[in-house]
Structures are given as C-alpha cells and as structure tokens.
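Each chain is listed here by its residues.
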Amino acid sequence: MKSRRHVLATLAVLTLLSTACSGSSPEDSTGGGGEGEQGGGELVWAIGGAEAAVGGLHQQVTELWNEQNPDSPVRIEILPDAADEQRNQQALVLQAQDSEFDLLGMDVIWTGEYATNGWVASFEEERGQLEDAGVLPGALESAQWEEELWAVPYNSNAGLFYYRTDLIEAAPTTWDEAVEVCTAGAEEAGIAPFVGQGAQYEGMVVNFLEYLFGAEGQLINEEGTESLLLEGDAGRQALEFMVQSQADGFYAPGFNTMQENEAVAEFQSGSAACMRNWPSFYAQLVGEGEQAASSEVQDSTGVTTLPTFVDEGTTGVTGGFNIGVNAFSENVDAAKEFAVWAGTNEEAQLLLAGGSLPPVIASAYDELPEGDPTLGLVGDVLADEKTGSRPPAPTWNAISQAIQQNIFAAYNGEVPVEEALTTLNDEINTALGG
Amino acid sequence: MASSVSTAQERPSGAPPPERERARSRELSESALGRVFMAPSLLAMTLVALFPILYALFLSFFEFVGREQRGFAGLGNYATQLTDPRYWDAVRVTFTFTVAAVALEFLIGLGFALLMNQAFLGRGVTRATILIPWVIPTVISAQIWFFMLNITPGFINAALGLGDFNWLGQRPWALISLILADVWKTAPFVALLLLAGLQTIPGDMYEAARVDGASAWQRFTSITLPLLRPAIFVALLFRTVDSLRIYDLPKVMTNGANGTETLSILVQNYIVDQPNPGIGSTLATLTFILVLGVGLIFISLIGRNLVIGEE
Amino acid sequence: MTTAPAPTGESVRRAEPATRRRQGRSTGPVARDTAGRRIGKSALLLVIFLWCLFPFVWLISTSLKNSTGALNSPNIFEGPFGLQNYVAVFEQDFFFNLRNSAIVAGTTMVVCIVIGSFAAYALARLRFKNKVLLLSGVLAVSLFPPVALVPPLYEVWRTIGLLNTYPGLYIPYIAFNLPLTIFILVTFFGTIPQEMEEAARVDGASPFQAFYRVVLPLAAPGVFAAAILIFVYAWNEFLLASTFAPRDLAVQTVPVAIASFTGAVAFQRPIGSITAACVIVTIPMIILVLIFQRRIIAGLTAGGVKG
Chain A
18 MKSRRHVLAT LAVLTLLSTA CSGSSPEDST GGGGEGEQGG GELVWAIGGA EAAVGGLHQQ
78 VTELWNEQNP DSPVRIEILP DAADEQRNQQ ALVLQAQDSE FDLLGMDVIW TGEYATNGWV
138 ASFEEERGQL EDAGVLPGAL ESAQWEEELW AVPYNSNAGL FYYRTDLIEA APTTWDEAVE
198 VCTAGAEEAG IAPFVGQGAQ YEGMVVNFLE YLFGAEGQLI NEEGTESLLL EGDAGRQALE
258 FMVQSQADGF YAPGFNTMQE NEAVAEFQSG SAACMRNWPS FYAQLVGEGE QAASSEVQDS
318 TGVTTLPTFV DEGTTGVTGG FNIGVNAFSE NVDAAKEFAV WAGTNEEAQL LLAGGSLPPV
378 IASAYDELPE GDPTLGLVGD VLADEKTGSR PPAPTWNAIS QAIQQNIFAA YNGEVPVEEA
438 LTTLNDEINT ALGG
Chain B
5 MASSVSTAQE RPSGAPPPER ERARSRELSE SALGRVFMAP SLLAMTLVAL FPILYALFLS
65 FFEFVGREQR GFAGLGNYAT QLTDPRYWDA VRVTFTFTVA AVALEFLIGL GFALLMNQAF
125 LGRGVTRATI LIPWVIPTVI SAQIWFFMLN ITPGFINAAL GLGDFNWLGQ RPWALISLIL
185 ADVWKTAPFV ALLLLAGLQT IPGDMYEAAR VDGASAWQRF TSITLPLLRP AIFVALLFRT
245 VDSLRIYDLP KVMTNGANGT ETLSILVQNY IVDQPNPGIG STLATLTFIL VLGVGLIFIS
305 LIGRNLVIGE E
Chain C
172 MTTAPAPTGE SVRRAEPATR RRQGRSTGPV ARDTAGRRIG KSALLLVIFL WCLFPFVWLI
232 STSLKNSTGA LNSPNIFEGP FGLQNYVAVF EQDFFFNLRN SAIVAGTTMV VCIVIGSFAA
292 YALARLRFKN KVLLLSGVLA VSLFPPVALV PPLYEVWRTI GLLNTYPGLY IPYIAFNLPL
352 TIFILVTFFG TIPQEMEEAA RVDGASPFQA FYRVVLPLAA PGVFAAAILI FVYAWNEFLL
412 ASTFAPRDLA VQTVPVAIAS FTGAVAFQRP IGSITAACVI VTIPMIILVL IFQRRIIAGL
472 TAGGVKG
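Protein chains in written order, with the working numbering: chain A, 18 to 451; chain B, 5 to 315; chain C, 172 to 478.
Don't read these hints as lab results, they were simulated from the structure.
Remember, predicted model here, so these are calculated numbers, not experimental data.
One should not assume that every hint holds.
[Claimed, not checked] Going by beta-carbon spacing under 8 Å, a handful of chain C positions derived as facing chain B:
#  : residue
1  : W229
2  : S307
3  : V309
4  : V318
5  : A319
6  : P323
7  : T358
8  : Y383
9  : M456
10 : Q464
[What the hints assert, rightly or not] Label pairs and their calculated CB-CB ranges:
#  : chain 1 : residue 1 : chain 2 : residue 2 : range
11 : C       : I457      : A       : E243      : 55 to 61 Å
12 : B       : S226      : A       : D101      : 32 to 38 Å
13 : B       : V103      : C       : P455      : 48 to 54 Å
14 : B       : F224      : C       : N246      : 40 to 46 Å
15 : B       : G297      : A       : E205      : 17 to 23 Å
16 : C       : I231      : B       : P176      : 28 to 34 Å
17 : C       : G250      : A       : T439      : 50 to 56 Å
18 : B       : G167      : A       : E164      : 50 to 56 Å
All C-beta atoms in this analysis are idealised placements derived from N, C-alpha and C, irrespective of residue type, glycine included.
Okay, chain A solo, but in the shape it has when bound:
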C-alpha cells in the first residue's frame, strides 16, 4: 500500500512538473488569449472597462475601422476594469519601452505623466485636423500638456444631477436651491436628501472640483505651475458648502463612504431624493433594459445639469478617455491614423453616443440618438465656460492625494476650512513645483 501511495505521489508530481515545465499551452480562444502577432500591420489597442469587452462599444468601433482598413486592423487587448490597474499595466509595458501596445486607452488625467515620460507620440501636427473636425475644446484640453497635444480625445464624460420628479417639481439651478428642494422633498418621503461621491478617493475629488468650478474657481493656472485655490472666494465657498452639507444632513448618512455604486444603489431603491452621478447610470434607473428591471424610480427619475453657485449656466469636470500612441510602437503612423479617425469620424462617434458614451465632436451632439436625455445634457455641460478638467499634470496623483486627504478631513469636521485650504494649496504647489 505504501508503494502504491509512492507511485501515485510520484505520478502526481511528475504530471505537475511536466505541465509546469513544458510551458503553458497557448489557447486560441475568444477574449484575446495569447500574444498577438505584430506582423501584417496589426495594431494592438490596450483599453479596459465595460465597453472593451467582446461586443462592447470599443469593439464595435474597431470593427468599423477594420472593414474600411483591412491592411491595418486594430485588435483590442482587454485591460482590467479599474483605471488604476489599466495604468499599471500600460506603465509596465511603456517603461520597458516595449512595442506590445500600439494604441493606449488613456484616462484624461494621465496625459501629463505619459508625455513627460516620453511614452506617447505627439499629435501637435494633427491639431489643426482635430479642430476642423469640431473636437470640443474642453476635450482637447484634457489631451494636452504644456501646450502640446499628446493624445486624441475619444469619448468624454461629465457628472449630472439626478432628482426625483415625484418629490421635486422644478430642477434646481443653484446649490442653495438644491438644498432647499431636496431637503423638502426628502422630508416628505422620509428619505435622504442627497447622495454623491464622498468617500476618500478620486471620485470625491471630482465632486469637490465640481463645486469649485461652479463657484467660478480654478484649481491651477494655465501653465500648470501654480495653485489658484486661494484666489478669490471660490475655494472657501466650495469647501464650506461641503462642511455645511455634512453637518446639516443634506448629505445622506454614510456619504463619506459612498462611491458611484453606493450612490446609485440608494437612489435606485428610492432612498434618496437627489444624486450626483455619471450619465452611464441612467440605464440602471429608467428604461426597459435589463439593468433597470428592479429600479424603484422608473417613472420618477429626472436628470439635469449640475447646479452652480452663481445662478447661470452649469458646470462640470470632464472625464472620459483619450487615445494615445505608444512612442515605441512599430506602427506609429498607422496608429496615429486610427486614433485621429476614432476621435473625429462621425459614424464612430455616433456609435459611442448610441451606447451612452458622450462623444467628443460637436456635430455628434446635433444628431444624438433618441431615448437618452443624458447625452444632450453632457453636451450642454461641455459647452459651458465654467466646465473645467482635472489638470493632467504628471504629478496629478500626488495632487489628487493631497485633495483627498485635506478635503475629506475638512468636510468631516476634523480640520477647519482655512487650515485645510492653506495646507492643500501648499501641497499642490509642491507637487507642481517639482
């Protein structure tokens, strides 16, 4: 019996070692298994997120291109879902100066970092072409650093204000108004007035900047060298509003641990009167799609642009993705062609709009598909002067961290407003000064 056990054990070990040593069997499967061959002009587009999956919008865009350009087809290399992980995986390849990726799905805040590291090819020559095609100025801004264009805007994004139409008659246009109507409506139904993104993470930074820009404030100057947080009253106004909201209960309980999903969960189950969130969640609240099947607020969801502090227009913080080209790619020219095409071709951009991804060219906003009110609203936001973007500085992560730490502490009442703003101002200057 012992010898049989020995034999079994030896067999098991041998099997393991043989599979382990012979290397893995390359699987030819859907979903991008195996390394793509770089020969034949194939371009590899490294992008992640919900729409990069098989059947998603990005795949549809590549199919459109492949039909028309069979000699330089684009293949998507699916990256993980979280933006941070996408950046890590791209950085690994780029830092090694590898040519595995030709095209990069870049979050709007990575432009400066990629540019300063010499990872991406310049698009300055194509700037004229992009402007002629009607790319929105706000989107172009997010793709440039130090006055040079480093990527092509691909899709945009901006936060919107959702509210319960059965509790609130007219959509508020200022934050004071919002506090009033949301609190009144919430009291009526016994729910919380407002949910948003208040946890200590990047989403909170976006929320804060929306308040800041809505007060006609700026974060940093045009050249990207100095913090403008303490200029004028905007910073103070924005932060004090947050402090007040948290203390008075305008913000729902648990606001300071909420991310996008928690906020929409509360609103969808009818536990909040108003919500700040991205347009993509509209599908979860209204409509006949599978997503909205369990929505308690099917018939009572209204959506509008964000309120401001100045009672005119609206504001927002642009999000979205740009397409960059790997500077070490072997097909830089072909890749740049695709990038420009994806960002300017009307058909491609309308494809995105059809899937509720805000496009980046002005003409697409004139021909929006029906049934989705959010896209038109995003168009309005992107057109407004007060709308700004998170500066795509190379040290954006350090700046974001500083904002997270200081603003979070301040609005939770742990640190006085003045002190928080001063510290934050200093830390931003340090990060930019580098």
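For this one, chain A is given, so just place chains B and C on it according to the hints.
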C-alpha cells in the same frame, strides 16, 4: 529481523568501534549534508528575492520627481519620511491593528483548534467550515465585509437593527471593522497551525494527569500550552509579520480613510500610484526594517531554543 | 532499549503503530457527555458555524441574484434569483483560469514542501554553523513589501523571458513561501524526539532514510498544514500574478481574471459575477481542505491510534 543491514557484527579487529567511527564521519559530513539540504531553498530565495531587495535599497538613496531620477540623495529620503507625521500615523495605525488583530486571532484560533481536535459527530464538516474564511481570496473577503458593514446597503446594520451606524466612515470604528474582517479571515490560519501542533502532544500525558487528579484547566495550562509553544510561536510570528504589512483589506474597505492608512498603503501609494520610486523604496525599506525588527525580537525571545535545539 | 524497527519498508510499517502507540498520537480528551455539555457544545458549534459561514452565505446569495436592485439591497432573500452570473463567468473562459491556478498552486505547493523539508531537517537536526543567522535570513526574505520588489523583478523576468509563463509565477511563489514552510517544518521536526532517528540509525539507516522513513511521517500534521497554507496563498495571490501574467489566457490565474470582470456600464461594479467567480473558486478549495484536514489529524497511516 536484524539480518538485513547490520554493520555491528563483523569488523576487523583493531579498528575503532563503529559508533565512534560513524560518529566522526557523521560529524564531518553533517555540516556538508546540512549545506546540501539547505542549498535548494537558499538558492530559490536568493535568486528571487535578493536582487530586488538590494535594488529597492539602492533606489531609496536617490531623489526622484515622478519617475525621473534627479540625483543622489543619500539619507535625505529617510530624513523626510522619518519626520513626516503621515509616516508616524501609519506606524501607529499599523501597530494598533497588529496587536489587536493578532491577539484576537490567537485566542479565537486556539479555541477553534481545541474544538477541531475533538472527536465528535460532524467534526470533518466543522473543520472544513472553520477553514472556509481562510480560503477565500483576501480581496474578495475585503469586498464581502465592505458590503456587509458599509452603511449602504447596510447589511449588518439591518441584521442587527443598528439603523444608520456608519461602520466604515468614522474613527475608531473603521479600524475596528478592519480588525473584525481580518480576524474572521485569518483565525483559521492560526487554528490550522495550532491544530497540527495539538496532534503532536501524546495522549497518555493527559491520561496520566487526569489520573493524578488534574482539572481540565490545569491540564490545559500545564500540558497543552507548554507543548504547543512551537506551533504558537510560528503562528504568532507569521501572523504578526503579515498584519504589519496588511494592504488589501484597508485598501478595499476604506481606501486608507478614517484612521486606517497602514504602512503598506503608504508604500503602495508611493511606488505605484504617484509614483515616486525614491520615496517608495525608502518607505518599503523602513517598513522592512520595522517588520524584521519585530520578527527578530520574536525569534530571540521565544523561538531560539524551540526551533534550533542545541547548536 | 526497546525493539528498534529495522529500516526496511515492511518492518518500519509494522513498527509504526507501535511507535505511534508509544508516542501516543493524540486525538484529544474524550468528552464526558452530560446533557448540559451537549447542549453547550451544540450552541457553541452553532455560533461558530454562523460566524464562519454568514459572509459565505451572503456570497452565495449575491452570486445567485439577477437584478441590480437585489444586488444592492440589504436583504439576502430578495430575488430574482438565477444562474446568470455563473453563465457569464464561464463565458469569459474561466476554465482556463481555474486550470492555470491549479497548476501554479499545485507546483508551488509540491516544490515548496520538498525543498523546504530538506532545509527544515537540516536546521532542526544537523549541526552546522550560523543557524540563527540563516533562519533570520530566511525570515527576512518574506518580509520585504512585495510591491517594492515587483518592478525590479519584472525587469529581470522580462529580460529572461519568463513573463506569461508558469515558471514565471511559481518560482517567486516558491521563494516567498519557503520561509513559512521552513519555519513550520522546523518546529514540527523539533517536536519529534531524537531517539526515533537514533534508533533507526543504529540499525544502519542513512540519515536520509531516517529522515524519510521516521521523521517525515511523524511530522505529517505539520507537512499537510503547510501544504494547505502554501496552496491557498498561491491560489489567491494577486500582485505578482497581475504583473507577470496579466492577460494571457494561457497563464492568467483566477484572481487576475476576477479583477478583469466588468460591469454592464462604466463605473458599475460587477458584484454579481465577482461573487459567482468566488464561489466557483472556493469549492475546489473546500474539497482540498476536506481531504487535507483528515491528513492533519490522522497522519499518514490510516486509522492512527485512538486514545
């Protein structure tokens, strides 16, 4: 029976007694044998870990802005970090977490081990159940606890009728939530090691003690605990050094907010998020020194004789 | 003194029950079953089951939920229920990931135990210099924050060509698990009285045979405990796996695959498929644990010796 291999029978007269001869050759080859036995392990560990550790140490002496190296900084990075209150906050959080979590894990793990050691109906299922928390991936278990504890959707709040208690959004409950989640997940690790240790305790000792009239508690304190010391040592040592480096749990549950920023979160922030390889490597080295220090204290206080025996 | 087992297979096996009887493999104190005790014990068991399984029940119930509302509600019994999430998970080629994780974790476990037990035996039994130093060095290896080791290791792996290969994963796993393995095995070897091996050696067994035939079986609980721990670690490890084998389905392991699940729309957390994948992943682990836990208790010879 003794016919198979016996060298004790025939030997040439005048030769030294076999035991002594064998003893001498045993001594000669013992250290060589020791080296041979240790070689594969040492090789694997040095090949993989030594170069990266040295490289990280090397980087910590340089100044970086973003990913760009800007020159030699000597001990500058260390000075900056050691005077940074954020660093010391992280140290405090990490130590508090470690002490509380390891203590609880030990007590609960010991209880589990004693239970799993018993013979009763359904003990196989019980043992498997107790080990389930450990086999779930850390990131997933962190997500589970986030969902259960977070005020929205408020699973635990609903189950226990706590209303709107903000577990993760206030000090000190955020840290307490982390400790709870960690203890849930890793008490089985301690239990497993202690269970294996309990197996090495001879049953007759208990019998003899019972015959002598010792109570259950006395048997526990004078037989079980002392004989379990080796297993306790290993369990505590590794749980401590793991807790000192905890990352996934606070990252997923609170992202380091509300007094839960541990050393590893700080390290990860500077190495991956920002990144700043200089400061990141500095923090990694400081963490390493801290954890190694604690580990060495453990070994020298408790472990020396247990593990090595006579030199 | 007593009859020493001769170092042949047969007699050692025959002698083992005697050895074990002498050493008295423990099965713990026999419980005197009064009614109160039984009730108390059952209550205790119930509490333990609840404590361990409650989150797991949440995991299973969430994985079976189909709608976004149910997924986010505090009520675990709120439907609708269905197997949609599991279907979605397997549509993403999850089988490959399971296979990859099994191979990597299995190899890590086997190699770690083998070379670790040699090293542990040397440290516990043989005489040579600088044991404490070596032991501390061994411990130190596993202490450096792995996140700091990843960039240089990635460079080396890329140069050698170990990216997206099995060895690229299990070699570092083995290296980082050896310290724990060695420590566990050293303590367990240490609990075995030296007389066992003396007896075997007197009868002419080589040190290796003494180790293999006498010490290892007696240290079986520790060996199997270490085996489970190594397997679980390698199975659940994310950082190195996501760096060295991020996307290639031929090598991608389970935790990395789970991290690449996406929701239906941007920003949405795919909690349904994540929990479904986790349940799928946990089941083989539970089976493994069920098998191994008997080994920890019973040791290598079937039926040990009770009481």
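So, going through the hints one by one against the coordinates:
1. W229: W229(C) check passes; min Cβ-Cβ to chain B is 6 Å, inside 8 Å.
2. S307: holds (6 Å)
3. V309: holds (7 Å)
4. V318: Since chain B brings a Cβ to about 5 Å from V318(C), closer than 8 Å, the hint holds.
5. A319: holds (3 Å)
6. P323: holds (4 Å)
7. T358: At 4 Å from the nearest chain B Cβ, T358(C) passes the 8 Å test, so the hint holds.
8. Y383: violated (12 Å)
9. M456: Constraint on M456(C) satisfied, holds at 4 Å.
10. Q464: Holds, about 4 Å.
11. I457(C) / E243(A): 55 to 61 Å: holds (58 Å)
12. S226(B) / D101(A): 32 to 38 Å: Check failed, 54 Å falls outside 32 to 38 Å.
13. V103(B) / P455(C): 48 to 54 Å: violated (35 Å)
14. F224(B) / N246(C): 40 to 46 Å: holds (43 Å)
15. G297(B) / E205(A): 17 to 23 Å: The hint (17 to 23 Å, Cβ to Cβ) is violated, given that G297(B) and E205(A) are roughly 60 Å apart.
16. I231(C) / P176(B): 28 to 34 Å: For P176(B) against I231(C), whose Cβ atoms are near 32 Å apart, the range 28 to 34 Å holds.
17. G250(C) / T439(A): 50 to 56 Å: For T439(A) against G250(C), whose Cβ atoms are near 53 Å apart, the range 50 to 56 Å holds.
18. G167(B) / E164(A): 50 to 56 Å: holds (54 Å)
Of the numbered hints stated above, those contradicted by the structure are hints 8, 12, 13 and 15, listed in ascending order.
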